[in-house]
Amino acid sequence: MKKKIFILEDPEELMIQFGSQVRNTIKEELADAQKRATKKSTTNTYMSRQEVCELLHISYSTLHRWVNLEILVCYKIGRRSLFKAKEVEATLVKLNVGGGLGYGY
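At position 67 of the sequence shown (counting the first as 1) the number is 67 in the UniProt record's numbering, and the numbers step up by one without a gap.
Since the hints were derived computationally from the structure, they do not count as laboratory data. Values in this document were obtained by computation on a predicted structure and should not be read as measured data. Check before you lean on any hint, since a few could be wrong.
[Said to hold, decoys possible] Calculated lysine to aspartate or glutamate pairs in the DMTMM-like style (CA-CA distance at most 20 angstroms, straight line): (1) K4 to E87; (2) K35 to E54; (3) K35 to E51; (4) K27 to E54; (5) K84 to E54; (6) K2 to E28; (7) K76 to E51; (8) K84 to E51; (9) K27 to E51; (10) K35 to E70; (11) K86 to E51; (12) K2 to E51; (13) K35 to E13; (14) K3 to E13; (15) K2 to E29; (16) K3 to E29; (17) K3 to E28.
[What the hints assert, rightly or not] Now the in silico label distances, taken between C-beta atoms and shown as ranges: (18) I77 to D32: 28 to 38 angstroms; (19) P11 to E51: 49 to 59 angstroms; (20) I58 to K27: 52 to 62 angstroms; (21) I58 to T38: 21 to 31 angstroms; (22) K4 to Q50: 41 to 51 angstroms; (23) E12 to C53: 51 to 61 angstroms; (24) Y60 to D32: 34 to 44 angstroms; (25) T38 to L92: 16 to 26 angstroms; (26) Y46 to I16: 26 to 36 angstroms; (27) A31 to Y75: 45 to 55 angstroms; (28) K3 to L92: 41 to 51 angstroms.
Ideal Cβ placement from N, Cα and C applies to all residues, glycine included.
Could you build all of it, start to finish, from the sequences and the hints given here?
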């Protein structure tokens, strides 16, 4: 973090300088966070069953049913069930556009 020393006689000028420094710092942090978010979304990250259930606010039995209905694609490594994060997000968009799971809702 950069340190700057201000020597100002006018309190209003100090407030203006302080406000501009705060704005610049916030802009830099937001830009860094956005870069990290885009980097994270481009990599192939996998989610466990528990993470998918927590993200979608569903139970394990609902997740199992969605895998059987091919709403979500499950990848197995040994006994572990993994889901690609991009596919889970794409399913969310697809479900929101489709308006339900085919049960007539």
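Hint check results:
For a cut-off of 20 angstroms, the pair hint linking K4 to E87 is broken: about 46 angstroms separates their Cα positions. Restraint check for K35 and E54: the C-alpha separation of about 25 angstroms exceeds 20 angstroms, so the hint is violated. In summary, the hint linking K35 to E51 is not supported, as the alpha carbons are separated by about 23 angstroms, beyond the 20 angstroms threshold. Taking the CA atoms of K27 and E54, the gap is near 31 angstroms; set against the 20 angstroms cutoff, the hint is violated.
Using a Cα cut-off of 20 angstroms, the hinted pair K84 and E54 holds, with the two alpha carbons roughly 15 angstroms apart. Distance restraint check for K2 and E28: the Cα-Cα separation of roughly 12 angstroms lies within the 20 angstroms cut-off, and the hinted pair is therefore satisfied. A hinted pair counts as satisfied when its Cα atoms are at most 20 angstroms apart, and K76 with E51 qualifies at roughly 15 angstroms. For the hint pairing K84 with E51, the CA-to-CA distance comes to about 11 angstroms; that is within 20 angstroms, so the pair holds.
For the hint linking K27 to E51, the alpha-carbon distance of about 31 angstroms lies beyond 20 angstroms, and the restraint is violated. Restraint check: the Cα-Cα separation between K35 and E70 comes to about 33 angstroms, which exceeds 20 angstroms; the hinted pair is violated. For the suggested pair K86 and E51, the alpha carbons sit about 13 angstroms apart, so the restraint of at most 20 angstroms is met. The hinted pair formed by K2 and E51 fails the criterion: a straight-line CA distance of about 38 angstroms is larger than 20 angstroms.
The hinted pair formed by K35 and E13 fails the criterion: a straight-line CA distance of about 33 angstroms is larger than 20 angstroms. Taking the CA atoms of K3 and E13, the gap is about 18 angstroms. The hint holds against a cut of 20 angstroms. Straight-line distance between C-alpha atoms of K2 and E29 comes to about 13 angstroms, which keeps the hinted pair within the 20 angstroms bound. A C-alpha spacing of about 16 angstroms is found between K3 and E29, which places the hinted pair at or below 20 angstroms, so the restraint holds.
A distance of roughly 15 angstroms separates the Cα atoms of K3 and E28; the hinted pair therefore holds under the 20 angstroms criterion. Evaluation of the 28 to 38 angstroms hint for I77 and D32 yields a pass: the beta carbon distance comes to about 33 angstroms. Checked against the hint of 49 to 59 angstroms, the C-beta distance between P11 and E51 comes to roughly 51 angstroms, which is consistent with it. Here the CB-CB span from I58 to K27 is close to 38 angstroms, at odds with the stated 52 to 62 angstroms.
A hinted range of 21 to 31 angstroms holds for the C-beta pair I58 and T38, which are about 27 angstroms apart. Restraint check, K4 to Q50: a C-beta distance of roughly 46 angstroms satisfies the suggested window 41 to 51 angstroms. The supplied range of 51 to 61 angstroms is met by E12 and C53, whose beta-carbon atoms lie about 54 angstroms from each other. Roughly 36 angstroms separates the CB atoms of Y60 and D32, a value that falls within the hinted 34 to 44 angstroms.
About 18 angstroms separates the C-beta atoms of T38 and L92, a value consistent with the hinted range of 16 to 26 angstroms. Taken as a hint, the range 26 to 36 angstroms is violated for the pair Y46 and I16, whose Cβ atoms sit roughly 49 angstroms apart. Evaluation of the 45 to 55 angstroms hint for A31 and Y75 yields a failure: the beta carbon distance comes to about 34 angstroms. The supplied range of 41 to 51 angstroms is met by K3 and L92, whose beta-carbon atoms lie about 44 angstroms from each other.
The structure shown violates the earlier hints numbered 1, 2, 3, 4, 9, 10, 12, 13, 20, 26, 27.
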